[in-house]
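Just so you know, the sequences run in chain order A and B.
Basically the numbering used here = 1-based index in the first sequence + 263.
Basically the numbering used here = 1-based index in the second sequence + 57.
Just so you know, these hints were derived from the structure itself, not from any lab.
Glycine included, each C-beta is placed from N, C-alpha and C at the ideal position.
Just to be clear, a hint being listed does not mean it is correct.
[Unchecked claim] Some chain B residues well away from chain A (every beta-carbon gap over 12 Å; in silico):
hint	residue
1	Leu-89
2	Ala-117
3	Gln-164
4	Ala-393
[Unchecked claim] Calculated Cβ distances over 12 Å to all of chain B for the following chain A residues:
hint	residue
5	Gly-307
6	Ala-389
7	Glu-396
8	Thr-507
9	Arg-556
10	Arg-568
[Said to hold, decoys possible] The calculated label-pair distances, taken between Cβ atoms and stated as ranges, are:
hint	chain 1	residue 1	chain 2	residue 2	range
11	A	Glu-396	B	Arg-413	22 to 32 Å
12	A	Arg-466	B	Gly-351	52 to 62 Å
13	A	Ser-330	B	Gly-351	50 to 60 Å
14	A	Lys-387	B	Asp-404	25 to 35 Å
15	A	Pro-548	B	Gly-351	51 to 61 Å
16	B	Leu-402	A	Thr-340	48 to 58 Å
17	A	Gly-282	B	Lys-240	47 to 57 Å
18	B	Leu-308	A	Ser-330	33 to 43 Å
19	B	Arg-215	A	Ser-543	27 to 37 Å
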Amino acid sequence: MEPLLRVEDLRVELPTRRGLRPAVDGLSFDVAEGEIVGIAGESGSGKTMTAMTLLGLLPHGARTSGSARFDGRELLTLGRRQLRDLRGRQIAMVSQDPSTALHPILPVGTQVTEHMRHHLGLSKSAARAEAVELLATVRIPDPERALGAYPGQFSGGMRQRIAIAVALAARPRLLLADEPTTALDVTVQAGILRLLDRLRRERGLAVLVITHDLGVMSAVADRVAVMYAGRLAESGPRAQVLATPRHPYTRGLLDALPHPEAADDPARVALRPIPGSPPSLGDVPAGCPFHPRCAFAVPACATDRPEPVPVAAGHLLACPPDPLPRDGAAPVPEGAPA
Amino acid sequence: MSSADSALPVPVGRPRTRASRRDLWRFLAKRLVAGAFLCVGITLVSFVLTQLVPGDPAAANLGNRAVEDPAAVAAFRAQYGLDKPLPVQYAVYLGKLVRGDLGESQQSHRTVKADLAEYIPATFELALFAIVLSLLVGVTLGVVAAVFRDRWPDQVLRVVSLAGVSMPTFWIALLAFFVFFYKLGWLPGGGRLGPALTPPPRTTGMFTVDAALAGQWGVLGSALEHLVLPGLVLATYTVGMLLRFTRASMLEILGNDYVRAARAKGLPERVVVVRHVLRPALISIITVAGLAFGSLLSGTVLVETIYSWPGLGQYAYTSAKNLDLPAIMGVSVVVAAVYIAINLLVDLLYGVIDPRIRLS
Ligand SMILES: Nc1ncnc2c1ncn2[C@@H]1O[C@H](COP(=O)(O)OP(=O)(O)OP(=O)(O)O)[C@@H](O)[C@H]1O
Ligand code: SF4
Ligand SMILES: [Mg+2]
Numbered sequence: 264m265e266p267l268l269r270v271e272d273l274r275v276e277l278p279t280r281r282g283l284r285p286a287v288d289g290l291s292f293d294v295a296e297g298e299i300v301g302i303a304g305e306s307g308s309g310k311t312m313t314a315m316t317l318l319g320l321l322p323h324g325a326r327t328s329g330s331a332r333f334d335g336r337e338l339l340t341l342g343r344r345q346l347r348d349l350r351g352r353q354i355a356m357v358s359q360d361p362s363t364a365l366h367p368i369l370p371v372g373t374q375v376t377e378h379m380r381h382h383l384g385l386s387k388s389a390a391r392a393e394a395v396e397l398l399a400t401v402r403i404p405d406p407e408r409a410l411g412a413y414p415g416q417f418s419g420g421m422r423q424r425i426a427i428a429v430a431l432a433a434r435p436r437l438l439l440a441d442e443p444t445t446a447l448d449v450t451v452q453a454g455i456l457r458l459l460d461r462l463r464r465e466r467g468l469a470v471l472v473i474t475h476d477l478g479v480m481s482a483v484a485d486r487v488a489v490m491y492a493g494r495l496a497e498s499g500p501r502a503q504v505l506a507t508p509r510h511p512y513t514r515g516l517l518d519a520l521p522h523p524e525a526a527d528d529p530a531r532v533a534l535r536p537i538p539g540s541p542p543s544l545g546d547v548p549a550g551c552p553f554h555p556r557c558a559f560a561v562p563a564c565a566t567d568r569p570e571p572v573p574v575a576a577g578h579l580l581a582c583p584p585d586p587l588p589r590d591g592a593a594p595v596p597e598g599a600p601a
Numbered sequence: 058m059s060s061a062d063s064a065l066p067v068p069v070g071r072p073r074t075r076a077s078r079r080d081l082w083r084f085l086a087k088r089l090v091a092g093a094f095l096c097v098g099i100t101l102v103s104f105v106l107t108q109l110v111p112g113d114p115a116a117a118n119l120g121n122r123a124v125e126d127p128a129a130v131a132a133f134r135a136q137y138g139l140d141k142p143l144p145v146q147y148a149v150y151l152g153k154l155v156r157g158d159l160g161e162s163q164q165s166h167r168t169v170k171a172d173l174a175e176y177i178p179a180t181f182e183l184a185l186f187a188i189v190l191s192l193l194v195g196v197t198l199g200v201v202a203a204v205f206r207d208r209w210p211d212q213v214l215r216v217v218s219l220a221g222v223s224m225p226t227f228w229i230a231l232l233a234f235f236v237f238f239y240k241l242g243w244l245p246g247g248g249r250l251g252p253a254l255t256p257p258p259r260t261t262g263m264f265t266v267d268a269a270l271a272g273q274w275g276v277l278g279s280a281l282e283h284l285v286l287p288g289l290v291l292a293t294y295t296v297g298m299l300l301r302f303t304r305a306s307m308l309e310i311l312g313n314d315y316v317r318a319a320r321a322k323g324l325p326e327r328v329v330v331v332r333h334v335l336r337p338a339l340i341s342i343i344t345v346a347g348l349a350f351g352s353l354l355s356g357t358v359l360v361e362t363i364y365s366w367p368g369l370g371q372y373a374y375t376s377a378k379n380l381d382l383p384a385i386m387g388v389s390v391v392v393a394a395v396y397i398a399i400n401l402l403v404d405l406l407y408g409v410i411d412p413r414i415r416l417s
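Whole structure, please, built from the sequences with the hints as guidance.
Written as structure tokens, this is what we have:
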């Protein structure tokens with residue numbers, strides 16, 4: 264049976280001053296019911312645009328190709344009306360910054376119930392009752408009172424919980440969480456991730472977690488996709504990808520993370536950022552887009568575009584030289600700074 | 058969940074508690090006292106200004122014959138207290154003002170209060186008609202322009218608003234008078250009622266309202282007909298102003314994350330535009346609406362004069378022309394009070410629309 268969401272060879276072109284440029288290029292991934300899938304990549308790799316494509320909320324003039332099927336329906340060709348019925352009701356979004364995603368002058372109660380009532384046709388009192396329950400689920404203290412309060416009266420972590428309650432209100436089947444923890448401190452982050460994990464278990468909710476921080480992923484994701492410059496670098500089961508990354512870019516992202524648990528290993532504590540910066544829209548290099556920054560690049564990397572190919576069960580890799588060792592040890596490429 | 062969270066501040070609860078209502082009364086009292094002082098300040102300014110204007114009220118108000126008669130001039134000066142030193146004149150005026158006595162008009166030989174009571178409702182009717190019309194039309198068109206940004210409705214409306222704010226009022230007034238009254242004869246060219254009609258029994262002094270209250274539908278129709286032309290002329294500038302401003306503040310809000318979030322909830326576009334965009338935009342729109350009302354009031358001087366609308370604007374004009382000091386002062390006090398009231402209303406509306414203001 265097909266998974267709840269299947270994205271295949273998705274390409275999204277955005278209008279720029281120099282014409283249409285691909286922000287997402289040949290991306291494929293699946294999300295099954297009750298599964299948490301992470302999409303990771305540096306800023307500008309096309310993560311948010313991928314989520315926006317699924318909701319049909321791309322900027323004016325954007326063009327899509329490939330396919331994104333949700334529950335067997337092709338999302339890319341849905342009409343305005345059908346998209347509106349789907350948004351919030353089937354696919355909901357929690358965005359990056361809870362302080363800007365909640366409406367500053369509408370009461371929390373309105374924000375939780377308005378689409379609930381629209382999509383589910385609930386009465387005002389039924390919607391309120393359900394909103395109270397929902398706010399309790401996301402552990403907002405005194406949910407009755409919270410309905411009449413405004414977002415500005417809550418802390419950042421609580422606001423993100425409210426934003427999640429808003430997203431869940433119309434009982435969607437897929438939650439797109441775009442950097443749900445970026446603006447929060449570490450303990451609050453962990454709380455939000457545990458909440459997502461609980462919702463997936465209790466409600467069979469499918470979650471797509473979008474982040475530039477692979478560390479966020481390691482706690483909850485079942486599977487992980489790593490994107491670079493709009494393309495898939497590597498994807499597979501979380502344990503496999505994070506423990507034994509096969510793509511030099513994934514390795515680089517992991518090396519750039521702090522590892523408190525490896526404090527006795529000086530080689531790992533030191534943060535090693537990836538040299539250089541990701542290309543901007545329309546300036547993606549030929550061949551492997553990562554080659555100007557890759558310590559393992561071979562001449563073919565500058566000319567031949569690598570396609571994702573299976574290297575193990577459920578594990579895709581877009582790096583033909585496949586230079587990394589299989590045991591997870593940190594490799595030292597020739598000529599790399601010690 | 059994490060204990061770090063439950064230690065965070067709990068919402069302070071619903072607004073409109075007893076404490077916040079007491080705060081509201083305190084706020085109102087403070088503003089009213091400040092307003093009263095401001096009114097007094099304005100009487101001083103207008104008193105000084107009228108003294109600076111070259112010209113002699115006696116010469117302006119007495120006939121040619123009387124002006125040559127020193128006894129008549131002296132009598133006129135004594136009657137209006139003009140023979141006393143200026144500070145004394147001002148002190149006497151203030152003393153009377155406190156008791157609600159605005160003096161006697163040198164033109165109409167009636168009390169200024171009686172004059173004002175007659176003219177204020179006429180102007181209020183006209184200004185209210187114009188501001189309500191401006192808000193309805195200006196804000197609606199501004200919303201349309203923002204929603205259709207850079208497409209043809211927006212481009213058409215851009216021309217409309219530009220025309221509205223850049224055409225001088227006197228020119229529009231004369232043009233409209235010429236076209237709709239003189240050429241086409243669709244609308245009356247002046248006054249508040251048709252010549253054959255008598256005003257409805259006075260309740261508010263606004264002919265439309267009084268006629269409706271008395272059930273005199275023919276009078277109501279005529280009053281409305283007379284209101285349309287000066288009302289529209291008065292509203293052209295404010296429509297353009299509100300249209301532009303509404304469009305700009307809508308566009309600013311449309312770029313926010315929370316609007317995208319509202320769309321991502323699958324709400325109908327109408328709900329997104331009205332509840333999620335227009336509502337926050339109203340905070341800045343009402344500021345401009347307050348200013349618009351001010352510009353509209355100053356516009357009444359010209360429009361009432363051209364359309365022979367017996368209101369405050371026309372009264373202000375004739376009093377100024379005749380250096381009718383008590384009348385000028387009376388008009389100043391009324392206009393100052395209206396400005397203060399409008400500002401207060403705008404500040405109260407901020408609190409109604411924006412809970413962040415109400416709660417702080
Ligand atoms: N409205 C837009 N019009 C044109 N290009 C855009 C628009 N929004 C984003 N882009 C570009 O599309 C590319 C992908 O952006 P996207 O927001 O998907 O990145 P991201 O992976 O979510 O990054 P971040 O971690 O910064 O959120 C970027 O190069 C960005 O500059
Ligand atoms: S394909 Fe080449 S450049 Fe790209 S990641 Fe692999 S080794 Fe590096
Ligand atoms: Mg993003």
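Cross-check of the supplied hints:
{"no.": "1", "hint": "Leu-89", "verdict": "holds (27 Å)"}
{"no.": "2", "hint": "Ala-117", "verdict": "holds (55 Å)"}
{"no.": "3", "hint": "Gln-164", "verdict": "holds (51 Å)"}
{"no.": "4", "hint": "Ala-393", "verdict": "holds (32 Å)"}
{"no.": "5", "hint": "Gly-307", "verdict": "holds (18 Å)"}
{"no.": "6", "hint": "Ala-389", "verdict": "holds (18 Å)"}
{"no.": "7", "hint": "Glu-396", "verdict": "holds (16 Å)"}
{"no.": "8", "hint": "Thr-507", "verdict": "holds (31 Å)"}
{"no.": "9", "hint": "Arg-556", "verdict": "holds (31 Å)"}
{"no.": "10", "hint": "Arg-568", "verdict": "holds (33 Å)"}
{"no.": "11", "hint": "A/Glu-396 - B/Arg-413: 22 to 32 Å", "verdict": "holds (28 Å)"}
{"no.": "12", "hint": "A/Arg-466 - B/Gly-351: 52 to 62 Å", "verdict": "holds (56 Å)"}
{"no.": "13", "hint": "A/Ser-330 - B/Gly-351: 50 to 60 Å", "verdict": "holds (59 Å)"}
{"no.": "14", "hint": "A/Lys-387 - B/Asp-404: 25 to 35 Å", "verdict": "holds (31 Å)"}
{"no.": "15", "hint": "A/Pro-548 - B/Gly-351: 51 to 61 Å", "verdict": "holds (60 Å)"}
{"no.": "16", "hint": "B/Leu-402 - A/Thr-340: 48 to 58 Å", "verdict": "holds (51 Å)"}
{"no.": "17", "hint": "A/Gly-282 - B/Lys-240: 47 to 57 Å", "verdict": "holds (54 Å)"}
{"no.": "18", "hint": "B/Leu-308 - A/Ser-330: 33 to 43 Å", "verdict": "holds (35 Å)"}
{"no.": "19", "hint": "B/Arg-215 - A/Ser-543: 27 to 37 Å", "verdict": "holds (33 Å)"}
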